[in-house]
Amino acid sequence: MDSLIPFTTSGSLVDCVDRKMLVVLRDGRKLQGVLRSYDQFANLVLEDTVERIYHQDVFAELHRGLFLIRGENVVLLGEIDLDQEDDVPLRQVEWAVLEAYHKAEVLDKKQREEAKAQILFERRGFCKEGGEGDGY
Amino acid sequence: MSIEIAGERRISSRVVRRKGPRRVQQDQADILEATLLASFFLTTTVKMLPLSLLNAAQNKPMLVELKNGETFNGHLVNCDNFMNITLREVYQTNAEGDKFWQLKECYIRGSTIKYLRVPEPLLDAVKDEQNRAREAGRNARGGHSGGGNRGGRGAPMRGRGGARGAPMRGGRGRGRGM
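Taken in order, these protein sequences are the chains called X and F.
Each residue of the first sequence is one higher than the one before, starting from 1 at the first, in UniProt numbering.
Each residue of the second sequence is one higher than the one before, starting from 1 at the first, in UniProt numbering.
Since the hints were made in silico from the structure, they are not lab data.
You can take every hint at face value.
For lysine to aspartate or glutamate, the following DMTMM-like pairs were computed, each having C-alpha atoms within a straight-line distance of at most 25 Å: (1) F:K114 with X:E51; (2) X:K30 with X:E47; (3) X:K109 with F:D98; (4) F:K67 with X:E113; (5) F:K114 with X:D108; (6) F:K60 with X:E47; (7) X:K110 with F:E96; (8) X:K20 with F:D128; (9) F:K67 with X:E114.
Since the model is a prediction, treat every value here as computed from it, not as a measurement.
Working from the sequences, and respecting the hints, build out all of it.
This is the structure we're talking about:
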C-alpha cells in the first residue's frame with residue numbers, strides 16, 4: 001500500500017496529521033506540537049506547540065501555542081513516539097535556568113562556524129556563505 | 001482511505017504509460033499533488049490549509065518572525081496566497097530582541113517569513129465556522145440551487161461524499177493531453 005503513494009509532500013505527510021511531531025527549523029529551533037494541517041509547500045500548522053532547548057543531558061521547554069510555519073524553513077519533521085518519549089534519559093529543568101546556557105552554546109557555535117568560514121575563505125579559496133540573497 | 005488508494009492507482013498508471021515531454025510530466029506531478037491533497041481533505045473531517053487559517057486570522061493579533069529573526073507584533077489587515085501580509089499597529093523588534101520600533105502599518109513580503117504565531121482559539125473558531133458553512137451549503141442544495149461552489153478555490157473540503165474525487169480531478173487538471 002505504501003508503495004502506491006508517491007513521494008510527494010502531501011503523500012508523505014497525510015499520515016502525520018493529528019500526530020505529535022518534532023519540527024526542526026533552519027535556524028536550529030526545535031518545536032514539538034500536533035500537526036493539524038499542511039500544504040504542498042510543507043507549510044505547517046502546529047497546535048499546542050512547545051519550543052525545546054537542550055544542553056548536555058537536560059532540556060527545558062516553553063509553551064508557544066499555535067504556529068503557522070512557512071515550509072521553506074523546515075529542516076526536519078518527525079513523529080514523536082508517545083510510548084517511548086518518557087523513556088528518554090533527559091531531565092527537565094526550568095527554562096529560565098537553561099536559557100543562558102543555551103544562548104551561550106548557540107553563540108559559541110556561531111563563532112566557531114564564522115571562524116571556520118573565514119579560514120575556508122582566506123586559505124582554501126572557498127566562497128563566502130550567507131551573503132546577499134544567500135539566505136533566501 | 002480506499003478512495004485515495006483507488007485514485008492513486010489510476011493516476012500513477014497514467015504517469016507510467018505516458019511518454020510525453022518533461023513539461024507535461026511536471027504538470028502531471030502537479031495534478032498528482034493536488035489530487036493527493038484533495039483526497040486528504042475529502043477523507044478526513046473538515047480540515048483547513050495553512051493559508052486558509054491565515055486568511056481566517058484577519059483582524060486577529062499575531063506575531064510574525066522573519067527569516068532574519070526580526071519579529072513583528074500586530075493585527076493582521078490582509079494577506080494573499082503568497083503569504084504577503086499587511087499588519088496594523090505593529091511593534092517591531094530586531095533579531096537580538098533589544099531594539100523596538102512602533103509602526104502604524106506595515107507590509108511584509110511572504111517569502112521573508114519564517115513563521116507566524118496566531119491565537120490558539122482561532123483553530124477551533126475556524127473549524128466551527130467551516131462546519132456551519134458546510135451545513136448551510138448542504139441545506140441550500142437540498143432546496144433548489146445546485147452545487148454553486150463547484151470548482152471554487154478552497155471548496156474541496158466541502159465534499160458531499162467519496163465519489164466526488166474523480167470529477168474534481170477532471171475539472172482541475174491543466175494542460176493534460178496537450
